[in-house]
Amino acid sequence: MDFSFYFDLPLWIRTALQGIAVIAVLFPISAACSMAERKVAAWVQGRPGPNRAIVPWVAPIPFLGRFLQRLGVFQLMADGGKFVFKEDVIPGHVNKFYYYIAPLLALIPALTTVTVVPFGAYWDAAANTLKPLILADLDVGLLAVFAISSLGVYSIIIAGWASNSKFPFLGSVRASAQLISYELSMTLSVLPVFLWVNAPGGNGTLSLFDVVQTQSEPGFLGGMWYLFLMPLSAFIFLVALFAETNRQPFDMPESESDLVGGFHTEYGEFKWSLFFVAEYAHMLVGSGVFTLLFLGGWNPLPWVPLAPLIEGLPVWLGGVIGIGVFLGKVFVAIFFFMWVRWTLPRFRYDQVMKIGWQKLLPLSIANLIFYALAIALIETR
Amino acid sequence: MTSAAYLPILIQVILATGVGLAILTVNRVLAQRVRTKNAIKDSAYECGVKSEGVIHTRFSVKFYVTAMLFILFDIEVVFLIPWAFIYRDFLANNIAILSPILFFLFVLVLGLVYEVKKGALEWEK
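As you go down the protein sequences, you meet chains A and B in turn.
Take the first sequence: its position 137, counting from 1, is numbered 137 in our numbering, and each next residue is one higher.
Take the second sequence: its position 82, counting from 1, is numbered 82 in our numbering, and each next residue is one higher.
Certain hints may be false.
Not everything, but these chain A residues come out facing chain B in the computed CB check (under 8 Å) [unchecked claim]: (1) P91; (2) N95; (3) T112.
Since the hints were made in silico from the structure, they are not lab data.
Computed from a predicted structure; not experimentally measured.
A virtual CB, placed ideally from N, CA and C, is assigned to each residue, including glycine.
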């Protein structure tokens with residue numbers, strides 16, 4: 001097939017098409033994660049989970065129909081349909097405009113952060129280098145991820161305030177304090193990585209692609225993932241990521257047991273599920289960033305970079321392999337999120353704040369000083 | 001890097017808004033309609049009983065303290081990001097960078113210790 005017409009299109013149309021393609025992948029995966037969550041919960045707790053819903057014309061297919069039914073694939077579609085056809089309640093006591101735009105504000109940052117996250121790489125034979133598959137290859141990379149994803153807190157505050165109800169209000173106040181508290185540790189935990197990535201003479205960069213490139217160099221240290229080189233950074237980043245995406249054991253904004261449903265108590269139908277699509281999209285992008293920073297991105301194994309493997313292959317196949325390896329790691333990380341949720345009990349609110357300010361923050365500063373001294377030793381040797 | 005490189009972010013914001021609005025509109029069009037007013041649906045949630053007291057309850061001043069502390073520390077963290085770019089370069093060229101940044105981090109830690117000693121981060125009291 002001839003795709004050359006695609007490259008003749010104006011740049012903004014190509015960018016828009018790429019953006020649509022990314023959303024078309026990210027959105028359904030986020031939705032499917034909610035089903036995966038129920039299945040993992042069922043698995044952890046030793047029960048079958050959702051396994052009844054089935055579409056009539058799939059049912060007669062031997063094996064496959066039964067398999068999909070037990071997997072709960074159709075439950076997801078049934079839930080989506082239910083959300084669409086439910087009564088679109090706007091309770092009389094809410095602040096209507098802000099009540100309506102809050103789920104939208106949750107969705108926008110969640111789907112926008114993915115713009116600066118490379119999700120794969122391909123071998124450019126003409127330039128003889130590895131090129132990232134990314135919507136916007138910016139040198140501010142990670143800073144843009146932090147900047148955009150932290151805007152998500154506004155949707156929670158607005159949702160809680162506009163609901164004009166006690167529990168959502170308390171939930172949103174708690175959520176805002178929690179989200180900003182863990183942002184500090186998160187930023188401090190990734191600084192050692194960039195101290196090391198910005199080698200002498202290079203351009204200052206926060207690009208996630210460059211981080212992966214430094215994890216795919218030859219040699220023992222060069223091919224080592226940062227998970228092994230900086231385990232404490234990875235741990236702090238992961239804990240802060242749990243808190244930033246409101247996951248158990250840090251699910252203060254929701255806290256079903258003491259605040260009913262937290263900030264989304266007054267929400268229903270698709271407005272409610274938009275909050276959850278946004279949360280899972282944040283989780284996906286956050287796991288993606290974790291994978292790129294600490295798990296070697298699209299490199300299949302430590303000390304096994306992707307570039308030599310796909311060099312001889314057709315461009316599209318190399319790209320697919322890169323994306324496949326990356327997504328595989330992201331799904332493992334997502335599974336880890338779910339595993340933790342159904343294993344650990346949740347913290348009390350004062351414990352959450354105490355861990356954030358008095359444990360994680362000093363730990364991340366100590367970690368930063370340690371790596372600053374270590375790099376100084378190596379560099380001035 | 002020119003500002004044109006940021007175009008995809010703008011396009012993505014517009015696309016995300018479009019997707020969100022489309023979903024909300026579809027929901028609005030296809031949703032079940034109820035014509036009668038319902039006093040129960042129009043009242044704030046309170047576990048099935050009538051809601052009492054003020055809606056926007058008073059909440060702890062600790063949240064404000066936390067927000068202010070966040071702003072202080074976040075600005076300090078932002079100052080560290082340019083340092084990350086030039087740190088190894090300066091070290092390789094024998095430009096003094098280690099002791100100034102250690103002093104900066106020392107001041108940062110001093111502030112944190114002061115907060116903890118003052119009890120600004122105690123939530124039980």
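Let me know if the C-beta of N95 (chain A) comes in closer than 8 Å to any C-beta of chain B, holds or violated. 11 Å, violated
When the nearest CB of chain B is found for T112 (chain A), is that gap smaller than 8 Å? With a closest approach of 5 Å, the T112 (chain A) hint holds.
Using 8 Å as the Cβ threshold, decide whether P91 (chain A) counts as touching chain B. This interface hint holds because 6 Å falls under the 8 Å limit.
Comparing the model with each earlier hint shows a violation of hint 2 alone; every other hint is respected.
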